[in-house]
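S.K.: Please model the complete structure; the sequences and the hints are all you need to start from.
For reference, the chains in residue letters:
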Amino acid sequence: MKPNRNRRLRGFLERCGISLCSLLAALLLLSSCADSHSDRIVIGSKNFTESLILGELIAQQIEAHTHLKVERRFYLAGTYICQQALLAGRIDVYPEYTGTALTAILKQKTGGDKAEVYQQVKSQYEARLGLTLGPPFGFNNTFAMEIRGEDARRLNLKTLSQAAAFASQWRAGFGYEFMERPDGYAGLAAAYGLHFAAPPRIMDLGLLAPALKDHQIDFAAGNATDGLIPALDLFVLDDDRHYFPPYEAVAVVRQQTEQQHPEVSQAIAGLGGKISDQEMRQLNYALDGQHRDAKEVAHEFLRSKGLIP
Amino acid sequence: MERTSTNHPVIELRNVDYQLPSGQPLLAGLNLQVQRGETLVLLGRSGSGKTTTLKLINRLLAPTGGEVCVNGTPTSQSDVICLRRSIGYVIQEVGLFPHFTVERNIGLVPHIEGWTPERIHLRVEELMRLVGLDPQIASRYPHQLSGGQRQRVGVARALAADPAILLMDEPFGALDALTRDQLQREFLSLQQRLNKTVVFVTHDLREALRLGSRIALMEAGRLVAVLSPEEFLRSSDPLAAAYVQAFADGLDSSSRGAS
Amino acid sequence: MNLLHFFLQNQDQIVELTLEHLWLVGISTLLAVVVGIPLGILSAHWPVWNRPVLGTANIIQTIPSLALFGFLLPVPWLGDRADRLAILALTLYALLPVIRNTYTGIRGVDPAVVEAGRGMGLTNSQLLFQVELPLAMSVILSGVRVAVVVSVGLATIAAAIGAGGLGEFIFRGLAMVNNQLILAGAIPAAVLALSADFGLGWLEKRLRPQ
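Chains as they are written, first to last, in my numbering: chain A, 7 to 315; chain B, 30 to 288; chain C, -10 to 199.
Source of the hints: derived by calculation from the structure; they are not laboratory data.
Even glycine gets a Cβ: it sits at the ideal position worked out from N, Cα and C.
Please note: incorrect hints may appear among the correct ones.
Among chain A residues calculated to face chain C with C-beta under 8 Å, some are [as the list claims (entries may be wrong)]:
#1 E77
#2 Q90
#3 L93
#4 R96
Covered, in the sense of this in silico footprint (three residues per stretch, anywhere, with C-beta under 8 Å from a C-beta of chain A), are these stretches of chain C [unchecked claim]:
#5 70 to 83
#6 154 to 166
Label-pair ranges, simulated between beta-carbon atoms [to be verified]:
#7 A:E186 to C:I52: 19 to 29 Å
#8 C:M165 to A:G295: 12 to 22 Å
#9 C:L62 to A:L74: 32 to 42 Å
#10 C:L62 to B:Q53: 48 to 58 Å
M.R.: Spelled out as structure tokens, the structure:
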């Protein structure tokens, strides 16, 4: 037999339950339409050193030249993730390469020189995706097919075509993206007739150079701006058949962000043409070889270029 | 034809067959008439088809052969929902809605028929008094009631929209003997007052003799005989006689003590 | 910098990702309920649908979540936006508990109650909405609770394909070998799962018919 008091308690708890549900519903609604960072700029980057440095450079440049608060979301796991984050508005800017944008995102065949590829990507990004590109930073981080310096000297190899003859004696090592991308291993092997002794080993990008030096692999797909190339005495084979498209580094920006904060684009434009291949290698080496802090390295570079006081 | 004639049966089963989807026959060639205001008891053992017959009347089951008519209209031609709302239905397990109070249980049909809340409330009070329940327990839930109280609520619920016909399937079977006796007594006085047409299913001869104006004896899906209580006791039909004997034996042995 | 300090410094981002996470879980659970409860009712009332409906939901559950995300990536409209894809995948995973519990809840209603209701002249929809569903509600809610808790966990994996949410902290933290970042994702996710479990469990108990 339940007294009246219990019924009042039940009524109260019922109301609590209903308010909890309405709170959850409100939260849901809020989470859907909240433009969570209209006052901040979020910079993304992929999860390798060079992308991190570029992201940091962009971030500090914006911090120095605008009044906006900058948030960093670095180490996002790859091109697709960054692209999705940009489209969904979770980030506003991230550094990308024209060649990657063309083949992996726009899914088109490569062709043409640097300027043509840049224009193609820019116009399509603006037309189809609501994104735009800043000016190129100044270096071309194309894929570098690396072998040990000693092998290059001993076998007198300069180009990929020459190296193809020795491929059957070598083991190759590549990163995940290079293996899977259409402009990666498959196309390269076809273009140069490369046949390795065994299927290539897949490993983390950061582990490729040491593995090459230690004779665990003999042929690696690195990047032209790898900091460890000179340090570990690695040799970059010439892409004499021009298989790889240009990979100019640019900042990809949401058009919405550009409209709301034109000062962001201005700040990013200040970085245009300021980084050469060699300079990028040095920046990479500062982190990978010397294990310095990314913020410090970026700050130092910007000062040396007179971009910040 | 003459549907409003007073000597026309309220419920009529004409040559009714009922077969399960698997093909097993439960009823065969059943012919039965229920007159206005009478209490017809369907008596038989388990599997005799008495519950099946009952369910054919409010079309919880549809005959596979023959016709079931209520108030002159075949049930296949009337709107099933209207038919059921005009017939009170009481089952052994009662089937009260556990999430409704006694009042909401009793008042459900009036509610869905669109009665005003005041009218429903008055009717619920009236019915509770009628079946011998204190109106104060109207706000209780079924799990707070005793077995006897629950069945009284079940009867009140069946009577809520004042149906002319009442179908009862062993309604007192799950109660203890004392409560059963009490409810049987109250049923009789209620019937005297309300004069409903009742079809009552039981396997208990004493209950049949006490409550029924006529007894329809069923066995293996067929109607064996339809007799008044006195006729039943004097009947020379082997099955009826067997029933009487079985119950008399039970009374004898219990009065003599365990033998 | 200790953990609390880290959380306070990055609270904006933590809140933003938590809301993203809630959005993923909330929408997918809602869709699973909207699709799953009717399917559960269907299979409870028409047993012929029981095997196909429950069977399909079962098969979906056995697909490893990351694999399911992967399958859906190449699909044209879905693969274009990771959050759409994640929401679809989360909804599919939430279906089985909702459907199964709706089925069990409705079948678990006392048959005498259903028979009495039908005999009284309740229409099928009156029987469903006024009797069966209210009586099955506690069991159905328990299925929703399971769905929500599972979704909170699965949504962290959705970050692997770019759908955002608290999993992003975890993956970034793994890449940077930064424990604080990992915890910034893991702790709020665990708190979300626990609160959902507790809150819905409380509601379930309140709705249980005595």
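S.K.: Confirm or reject each hint.
M.R.: Hint check results:
1. Using the Cβ-Cβ criterion of 8 Å, the hint placing A:E77 at the interface with chain C is satisfied: the shortest such distance is roughly 6 Å.
2. Contact between A:Q90 and chain C, as hinted, is supported at the beta carbon level, the nearest pair being about 3 Å apart and thus within 8 Å.
3. The beta carbon of A:L93 comes within 6 Å of a beta carbon in chain C, closer than 8 Å, and the hint placing it at the interface holds.
4. At a threshold of 8 Å, the smallest CB-CB gap from A:R96 to chain C is about 5 Å, leaving the interface hint in force.
5. Check on the segment 70 to 83 of chain C: 3 of its residues sit with their Cβ under 8 Å from a Cβ of chain A, so the three-residue criterion for coverage holds.
6. Figure legend: the segment 154 to 166 of chain C, annotated as covered by chain A; annotation consistent (5 residues with Cβ-Cβ distances under 8 Å, at least 3 required).
7. For A:E186 paired with C:I52, a C-beta distance near 21 Å keeps the hint of 19 to 29 Å intact.
8. Checked against the hint of 12 to 22 Å, the pair C:M165 and A:G295 passes, with Cβ atoms roughly 19 Å apart.
9. Look at C:L62 against A:L74: about 34 Å separates their beta carbons, and that is inside 32 to 42 Å.
10. The given range of 48 to 58 Å is respected by C:L62 and B:Q53, whose C-beta atoms sit roughly 55 Å from each other.
In this structure, none of the earlier numbered hints is contradicted; all agree with it.
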